[in-house]
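Here the protein sequences come in this chain order: V and W.
At position 60 of the first sequence the residue is numbered 91 (this note's numbering), and the sequence of numbers has no breaks.
At position 248 of the second sequence the residue is numbered 343 (this note's numbering), and the sequence of numbers has no breaks.
Read the hints as simulated data drawn from the structure, not as lab findings.
Here a beta-carbon is modelled for each residue, glycine too, at the ideal position from N, C-alpha and C.
Warning: the hint list may mix true and false statements.
Said to hold, decoys possible - Every beta carbon over 12 Å from chain V, so not counted as near; a handful from chain W, in silico:
| id | residue |
| --- | --- |
| 1 | TRP101 |
| 2 | ARG271 |
| 3 | LEU310 |
| 4 | GLY463 |
| 5 | VAL615 |
Stated by the list, open to error - Sample of chain V residues at the chain W side, in silico, Cβ under 7 Å:
| id | residue |
| --- | --- |
| 6 | VAL55 |
| 7 | LEU56 |
| 8 | SER129 |
| 9 | MET131 |
Here are the chains, one letter per residue:
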Amino acid sequence: MQSIPIEHGLILAGVLFALGLVGVLTRRNIVFVLMSLEVMLNASGLAFVVASARWGHADGQVMFLMILTLAAAEVAVGLGLIIQMYRKFKTVDIDVLSEMKG
Amino acid sequence: MQDLIWLLPTFPLLGFLCLVLTGGSLPRKIVAVIGAGSVGLSFLSAVLIAAQFLASGEDYFVKEVWVWMAVGEFTPGFNFYLDGLSLVMMLIITGVGFLIHLYSTGFMADDPAYSRFFAYMNLFVAAMLMLVLGDNLLLLYLGWEGVGLCSYLLIGFWYENPDNGYAARKAFVVTRVGDTAMAIGLFLLFTQLGTLNIQDMLGAAQQQWAIGSPLAIAAALLLLGGAVGKSAQLPLQTWLPDAMAGPTPISALIHAATMVTAGVYLVARTHVLFELAPTVQMLVAFVGLATLLMAGFTAMTQRDIKRILAYSTISQIGYMFLALGAGAWSAAVFHLMTHAFFKALLFLAAGTVILSLHHEHDIFKMGGIRKQLPIAFWSFIIGSAALAALPFTSGFYSKDEILLAALAVEGPGLLLWIGGVIGAFFTGIYSFRLVFVVFFGDSQGHQEVKEEAGWTMAAPLMLLMVLALLGGWIQVPLDAVFSSGAGHEEAPVSLLVHAVMIAAPFLGIGVSYLFFMSKVFDVDKLMANPLASSLHRFWFSGWGMDALYQRIFVNPFLYLARINRNDLIDSFYALLVSITRTAHLMLARTQTGYLGWYALSMAAGLVLIISLGVML
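Construct the complete structure from the given sequences, taking the supplied hints into account.
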């Protein structure tokens with residue numbers, strides 16, 4: 032079976048990561064910020080999987096499983112916070128919540 | 096019983112702790128019982144210990160309680176040393192102290208800070224007992240500073256009035272000058288003689304130092320500095336008249352009977368050092384002489400009843416210093432004791448007068464109150480008679496001894512004696528001026544006044560009257576303490592000398608009578624004379640010492656403080672502060688509260704770090 036070259040996989044991961052970062056930086060809706068964060072997490076997961084396929088090693092896949100659990104936990108907490116935020120401020124725009132400045 | 100000597104300072108200390116830890120929440124009756132009772136217990140044990148000590152016939156007794164600290168060879172302890180001198184002092188402190196505590200329970204009855212008052216008083220008694228019973232100079236110094244602290248706290252007792260706070264600070268700072276000299280003296284003694292235990296130290300000094308050696312002179316001078324500050328002698332006497340801002344029982348206990356005589360005790364305790372430095376001892380005599388004359392002049396011109404008594408205290412301590420300088424150690428301690436009796440009596444009686452006249456201090460606004468205040472009147476008659484040293488009162492015997500000792504001094508003896516007799520003449524004038532003006536003469540509208548004296552105030556006055564009258568018959572057991580001195584043999588003194596000494600106070604009383612009773616001479620006419628009135632102003636201000644110190648010490652110091660406010664070192668620290676503040680403001684601006692901004696700076700920082708890591 033013809034294997035995908037490692038460079039392709041890494042480039043895809045890099046592109047995904049950059050997209051996610053741009054989303055985090057530019058989005059004002061906090062739900063989309065959270066989703067962009069998920070994209071970034073999956074990008075790093077993809078890099079692990081690609082690397083483990085290249086070296087024929089299971090460690091990368093173990094790492095991806097851990098990232099998956101972590102992401103699930105993070106989303107649970109994050110969504111909870113978003114619900115609280117919406118209840119309190121009636122908005123999901125993060126730039127409105129800029130009271131804590133120095 | 097002697098082994099329990101540590102109980103003496105412990106009782107009042109426990110009383111202090113009880114009162115201070117309950118923070119004024121106890122009912123007044125209990126406060127009075129704790130406050131006066133602790134000193135009363137202390138007095139009882141002092142009497143028992145004294146009886147046993149005198150019966151044992153020993154010269155001294157040491158009780159080691161515990162070691163305070165041990166640094167190499169230096170192991171000062173909480174050790175108590177009892178001999179004739181500390182015996183007399185401990186009985187005065189606890190005895191007179193108890194009477195004054197008892198009086199205070201009545202005098203302070205309406206004061207809101209009743210508990211605080213007794214807490215400080217008890218702490219004072221504990222510290223004072225520590226001072227006289229300590230067997231080493233460090234313990235003495237602990238008590239010395241302790242009584243200074245209590246004096247400060249009690250002068251400023253009515254702290255709502257800023258003037259009282261000022262008087263308290265003045266007393267603290269002025270005595271601090273003397274205390275510093277004394278501390279340096281202790282350092283000198285320790286480095287030279289290797290011990291602070293008083294008896295060991297005195298023995299070592301006698302062996303190592305020749306008479307008149309520079310070190311002995313320096314040590315004696317420094318100790319004299321401490322004594323002069325505490326006992327309000329020239330040139331550090333300015334704090335005592337202002338110290339009258341405190342409640343009257345304080346003036347009686349601290350600023351007449353006990354604390355101000357601590358300097359006399361110190362010199363008497365270390366008299367061996369002064370015998371090794373005859374020039375300093377002569378200086379002591381002249382300090383005493385100058386002080387007693389200066390204070391005598393000033394006392395004649397004052398109007399405030401308590402200030403008159405304060406200056407007379409300074410003057411009487413001057414007599415004690417005169418006696419110390421003349422080498423008549425036991426005469427000095429004897430006068431200390433009789434003075435404690437009659438001056439406590441006078442102050443407490445003055446307190447009764449002041450309380451009955453609703454806090455009136457000006458003697459010229461009293462007048463003709465002998466019928467209304469019989470107890471205070473008789474207290475003043477007896478106290479003033481003892482103060483003026485009329486024959487057969489207690490003051491007569493002690494002052495007699497002092498003047499005879501002064502006359503026996505080789506060299507300036509006659510000068511000292513004449514000065515002392517002139518002082519006795521002044522004492523007669525000012526003490527009976529007070530009596531004539533306050534109790535005789537025209538009434539100033541106080542007919543309706545009633546004597547405010549319950550039994551707690553009357554009983555101490557009665558007892559002190561008896562002591563002031565008969566205290567001269569008490570034999571003080573000091574022969575063993577001062578036996579190391581040369582011992583003055585009783586030179587035969589001509590009858591003329593005795594006649595002059597007896598006549599001097601009577602003359603003074605006569606002058607006072609002519610001015611203030613029969614009005615043969617008129618004070619106002621005398622004041623019309625410009626010389627007399629300017630002299631009066633000069634004496635009234637205490638020889639201008641306050642103004643002088645204000646000019647040469649206080650004002651330059653304030654000036655230095657003002658110009659030093661912006662000095663180089665200060666501006667360096669100010670610069671540090673402003674740099675930190677600017678940096679803080681700049682960093683605070685980056686904290687916008689926008690989430691995207693934070694994420695961006697994190698990402699940028701990460702990129703920066705990684706690229707740096709890659710490049711290097």
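Results of checking the hints against the structure:
no.: 1; hint: TRP101; verdict: 62 Å, holds
no.: 2; hint: ARG271; verdict: 48 Å, holds
no.: 3; hint: LEU310; verdict: 66 Å, holds
no.: 4; hint: GLY463; verdict: 77 Å, holds
no.: 5; hint: VAL615; verdict: 87 Å, holds
no.: 6; hint: VAL55; verdict: 5 Å, holds
no.: 7; hint: LEU56; verdict: 5 Å, holds
no.: 8; hint: SER129; verdict: 3 Å, holds
no.: 9; hint: MET131; verdict: 5 Å, holds
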